[in-house]
Amino acid sequence: MSLKLMADIFINNWPMFMRGAGMTLLISMIGTIIGLVIGILVGIIRTIPVPEKGAKRTLLVIVNKLLSIYVEFFRGTPMIVQSMVIFYGTAQAFGIQMNRIMAGILIVSINTGAYMSEIVRGGIVSIDHGQFEASDAIGMNHMQTMINVVMPQVVRNILPATGNEFVINVKDTSVLNIISVTELFFQTKSIAGATFKFFEPYFIASIIYLIMTITITRVLRCIERRMDGPASFIMAGNQMQVERPEDIVYKKNKDR
Amino acid sequence: MEKVIDVQHLRKSFGNNEVLKDIDFSVSKGEVVCIIGSSGSGKSTLLRCINLLETPTSGEIIYNGKNILDDKHNIYSYRTKLGMVFQQFNLFNNHNVLSNCTVGQIKVLKREKEEAEEIALKYLENVGMAQYINAMPRQLSGGQKQRVAIARALSMEPDVMLFDEPTSALDPETVGEVLKVMKDLAKSGLTMLVVTHEMGFAREVSDRVIFMDKGVIAEEGKPEEIFNNPKEKRTKEFLHRILSNN
Ligand SMILES: Nc1ncnc2c1ncn2[C@@H]1O[C@H](COP(=O)(O)OP(=O)(O)OP(=O)(O)O)[C@@H](O)[C@H]1O
Ligand SMILES: [Mg+2]
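From first to last, the protein sequence lines stand for chains A and X. The first sequence: position 124 = 124 (the numbering used here), numbered continuously. For the numbering used here, add 256 to where a residue sits in the second sequence, where the first one is 1.
For lysine-lysine, the following DSBU-like pairs were computed, each having C-alpha atoms within a straight-line distance of at most 30 Å:
1. A/K56 - X/K366
2. X/K478 - X/K436
3. X/K285 - X/K259
4. X/K470 - X/K489
5. X/K259 - X/K337
6. X/K337 - A/K56
7. A/K56 - X/K322
8. X/K277 - A/K53
9. X/K470 - X/K337
10. A/K53 - X/K337
11. A/K189 - A/K4
12. X/K478 - X/K322
13. X/K436 - X/K259
14. X/K322 - A/K53
15. X/K470 - X/K259
16. X/K277 - X/K489
17. X/K259 - X/K478
18. X/K439 - X/K492
None of these hints come from the bench; they were simulated from the model.
Whole structure, please, built from the sequences with the hints as guidance.
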């Protein structure tokens, strides 16, 4: 073990490391985004007020039951097992082999969706009841309330939790090597196999993982701050007073 | 006079607690009606039943000759005809002042953005908040928030405005600015139904005062009658209590 060896392994194999890191980032990013969308949709459906009777009630009750089974199932089983079940299960059931990357994205998405559903539900519950009442009073229906008032606030509030899911996904996509998705862990394993060195490639991989997760955390912090907007606002009307005589002259010249 | 809203035999129970007991009353076009009464007498519940934030247990609410409690009635379009102002303002936290006043117009009434903004600006001007169109709700004081909330409701151009203790959550200094706006609205001929503890406002502005006690309308009449010559013993007691506190 030496720094020289570490450097050599990286220099000789960096395209593989980078491709692996790229794949990891791609799958975990798409998986997190789709997972967030699933979570939001499930959250919206689960908060539809259930009518007291009628066919709509029966339908809603059934859908809600199915959704909680979905959440329970994917939160309650390891992703590594889900990967095997979904990848080999579909192969057996339909006689086709799924594209491994697609399978990876699918697994990460529905897994994240299950967690995000609960996070979104918590986010919706924590929104001040007055926001719903004001939306009702203005004549919005459930969908309009969710899209225009509630979800924008929920998404802002759950952004830290979503970032957390993203970071978890970056690390957890490593289990997809079980179905031979060429993410960072899989690539590292190949490099280790080819060089007969284990500590160095995995150490390099851990550094790459760390760089990815730290960067994601930082970037999300920035987005959070951007979403909060400026601390102060501009008085309308004062903007007009800002117009100086030279601006007016400039405008006149431009018009000519 | 033409009745805008006519409430008949309205009852509302929470579990086995009957909060509204057979309420009959109506609001006519252009009328300003104040509802007074002690805490827990059911004033808010009555207001919230009228725009169906609470579902009445039984009774009828007649609007435009139709009972809106019929199953078929479209409650969403009905609610756009009633503007509601809450004690806690309830501005949309994710929208700035202008957008608070346009989002309902655009999404629910399907108005064009330009038209909606023009209308919103007109009402923001009326409540003295036109300068603040870029501000977010969290950047405003309570009185400013409430004035925006009034403009938001007015922007929907409703037939009736409902106010549920609009000044109760305000600092004493800012109560005046909101009451001033409401007085102007009352003078402009808007139909208003106001739950309030501001007896001065009720006396000065209203055409009719309703005194509620324990889920019933105990007494109603012109403000001079209610405040100067209350007939009911409980009205006298209530007024005595509240006026000696102020
Ligand atoms: N959602 C609810 N569930 C159960 N009981 C309720 C609910 N809302 C109101 N009540 C009860 O109904 C009664 C009337 O309440 P309401 O809020 O209408 O009174 P109010 O006259 O507006 O009082 P205040 O002047 O304090 O606002 C109270 O006893 C209250 O506890
Ligand atoms: Mg009340």
